[in-house]
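Engineer: Chain order of the listed sequences is S and U.
341 is the number that our numbering gives to position 341 of the first sequence; each next residue is one higher, with no gaps.
122 is the number that our numbering gives to position 122 of the second sequence; each next residue is one higher, with no gaps.
Hints in this document: simulated from the structure, not taken from any laboratory.
Since this is a predicted model, take the numbers as computed values, not measurements.
We treat Cβ as the ideally placed atom computed from N, Cα and C, and that holds for glycine.
Heads up, some of the hints might be wrong.
To be verified - Distance ranges between label pairs, derived from CB positions:
{"hint": "1", "chain 1": "U", "residue 1": "Asp-55", "chain 2": "S", "residue 2": "Gln-72", "range": "43 to 49 Å"}
{"hint": "2", "chain 1": "U", "residue 1": "Gln-58", "chain 2": "S", "residue 2": "Arg-14", "range": "32 to 38 Å"}
{"hint": "3", "chain 1": "S", "residue 1": "Leu-9", "chain 2": "U", "residue 2": "Leu-84", "range": "30 to 36 Å"}
{"hint": "4", "chain 1": "U", "residue 1": "Gln-58", "chain 2": "S", "residue 2": "Gln-72", "range": "53 to 59 Å"}
{"hint": "5", "chain 1": "S", "residue 1": "Asp-37", "chain 2": "U", "residue 2": "Leu-84", "range": "30 to 36 Å"}
{"hint": "6", "chain 1": "S", "residue 1": "Ser-170", "chain 2": "U", "residue 2": "Lys-5", "range": "17 to 23 Å"}
Said to hold, decoys possible - So, partial list: chain S residues that the calculated Cβ filter (under 10 Å) puts toward chain U:
{"hint": "7", "residue": "Phe-51"}
{"hint": "8", "residue": "Thr-366"}
{"hint": "9", "residue": "Lys-368"}
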Amino acid sequence: MNSILFMILRRLRRPLILIIVSFAIATLGLTLMPGTDDQGNTWYMSIFQAFYVISYTATTIGFGEVPFAYSQAQRLWMTFSIYFTVIPWFYAVGKIITLLQDVSLRQTITAERLARNVRNLQEPFFILCSYGQSASLLASILDEKNMRVVIVEQKQERLNELELADTKNSILSLCADAKLPENLIRAGIYNPYCSGVVTLTDDDEVNLAVAVSAKLLKPNLRVIARAERGDIAANMESFGTDHIINPYTLFGDQLAMRVHALGTYILHQWLTGVPGDTLPPPENPPRGNWLVCGYGRFGKSVVENLERENLSTTIIEAMPDLTECERCVVGSGTEANTLIEAGIQDACGIVAGTDNDINNLSIVMTAKELKPNLFLIIRKNNRHNSALFKKFGADITMQPTDIIAHECLAHMLTPLLAEFLALVRNQNNQWANNLISQLVDVVGETVPETWAVNIDSNCAVAVSEYIDSGMIVRLKDLMLDPSNREKELKLVPLLLLRNGQSKLVPELDSVVVNGDRILFCGTYDAKSALAASLNNIKTFNYMMNGLEIPDSLVWRWIKNMTTQ
Amino acid sequence: MNLEKVIFGFFIVLAMTLNFGFFLGDIDNISHHHVYELYAAIIVSLIATVLKFGDRTQVGAILLSTSLAADLQLITAAILWAALHGEMESASLMVYIVSLSGGALMANFVSVILLISETISQRR
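Kindly produce the complete structure, drawing on both the sequences and the hints.
Structural biologist: Structure follows, in structure tokens:
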């Protein structure tokens, strides 16, 4: 704010001096002009009176001739003063207004305001570089979860969209180029509450620049970046970027997971969903031969992943030369004869995975006409086409931007959740289904909260003290309801991390030691109750043995007396 | 030789000399202190202040603050004169006004010293 004040003052130097000089001359002259008072004596205005008259004249307010009617000489000087002072006055006012409308000044003001707001943030926040489709979804989910977000986006139109969006918390935004480190600093990368930088623009170079500068500015900050090209991803990796998202492989991977391990997929989707959403409906895709339309980067990843699941595929591609497709049916897939040639009658499902929404819809519509019981998977590229896809109602509609947002979320909520989901991938579908039903029993069908608890003297004072005093604390003890220890809180421990070793869905009887990190999944109420009880020695004591410790010395003394 | 520098130095020195001229004389004698001299001192001091705007150096900041201090005291003296003239004994009113201008003189003096020291330290 300081620099802005001085910038304004410096620009106003000339008009201010003009005003001072013109007022000074006009005031001085007026005191020298002889006038007559009501008794007919000659009088001269004092400097103060003259200054008063000139002030109201120059600012065009005009109270008239006070205290006495003016003499000719005074009127002559007033006429001169009017033109002499009003012009500099308007010049100065005009200058101030131009200055306030100055684009560079306004940008400076908004940037300064953002920097001040970011400095005042007293809770963890993430910096999102760009406000595209996936980033806007991510921002709204984080906002739902009451996590603060600072957005750095170069296009003002996208930020206008943000201003219109209905959010719970105010989302801070900066219209600037995230590639420049100074803008990352403005967005609060040095703020101790900054918990990570996420860069999801569709330009790999930008993502690389942001990831590298974030890592250089603050090496232990979590950085999540999107990269399409392998060399860029490798470059990011060399700078220690924590998580690199390739939208193409991610899409294929998720699709394959959805086709062969639905439980795992649902678990993934559910734990990273928007609070309040319900469990996604299970759609079980059939096994058999699949038609894949489009062999671009998405299509390649889809085919690769489907084949890894031992599903046979037939590729339909309009331009086989460009996409290096060796064995494929040539055609766009929107015409019936191409689909018949590809063997639609023997296929069990079709993936419409081109980058054109209208073509994708056309493909599945043609396919459905040819074979009504075909399983349809459709790729949605543009969020704005949602109405069309909803109307059509394919078996599975997958949107890359959604997938990216959910993947980011898994890494942002807590690193333990990402680790948990990675471990879940190695389990079979049956295991995932069992876990889902176990979770639904406890927390219901809405998207639960997931959070990590560190057992140490900072985050769980009471538990840590208990363990230090030699008592044994079991996991199930932590899960008791602090208001009534007969009941349990609505939460499930998902992961226990001890000395770098992780245990999926730990036994409730397992002993907790200092330094453990536990990932919980449960209702919002359970989350807040747990945080309170783990830090309050009195509450925790009640949970452990059902005894209330008296608060004051007197009560303790009485209790000692009565027990003896 | 730079015209801007000449004007800058001129106003700062003039602010001090006018202030000194007003201050000179018996402290309670109204005929030793002319109202137009105070008026001129205020105007020149204001112009000097505006000329100092926008200099971001440390010396620039101190120069501006000395000017603001001088303005504050001179304007207070002028307000006293305008408000109390004819309402209280002129000798004691004069003591207030002249002592305020004496304070402003100190600020202007510091300002000139800073200007001189900065000029000397420039090796060019």
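Engineer: Is the interface hint satisfied for Phe-51(S)? The criterion is a beta-carbon contact with chain U at less than 10 Å.
Structural biologist: holds (8 Å)
Engineer: Do Leu-9(S) and Leu-84(U) keep their Cβ atoms within the hinted range of 30 to 36 Å?
Structural biologist: For Leu-9(S) and Leu-84(U) the Cβ distance comes to about 33 Å; the hint holds.
Engineer: Take a look at whether the Cβ-Cβ distance between Gln-58(U) and Gln-72(S) falls inside 53 to 59 Å.
Structural biologist: holds (54 Å)
Engineer: Is the hinted range of 30 to 36 Å satisfied by the C-beta distance from Asp-37(S) to Leu-84(U)?
Structural biologist: violated (21 Å)
Engineer: So does Ser-170(S) sit 17 to 23 Å from Lys-5(U), Cβ to Cβ?
Structural biologist: violated (49 Å)
Engineer: Between Asp-55(U) and Gln-72(S), is the Cβ distance one that fits in 43 to 49 Å?
Structural biologist: holds (47 Å)
Engineer: Please check whether Thr-366(S) passes as an interface residue: C-beta within 10 Å of a C-beta belonging to chain U.
Structural biologist: Violated, about 69 Å.
Engineer: Could you say whether the range 32 to 38 Å given as a hint is met by the Cβ separation of Gln-58(U) and Arg-14(S)?
Structural biologist: violated (25 Å)
Engineer: Was the hint right that Lys-368(S) lines chain U, CB cutoff 10 Å?
Structural biologist: violated (70 Å)
Violation of the numbered hints given earlier is confined to hints 2, 5, 6, 8 and 9; the remaining hints are satisfied by the structure.
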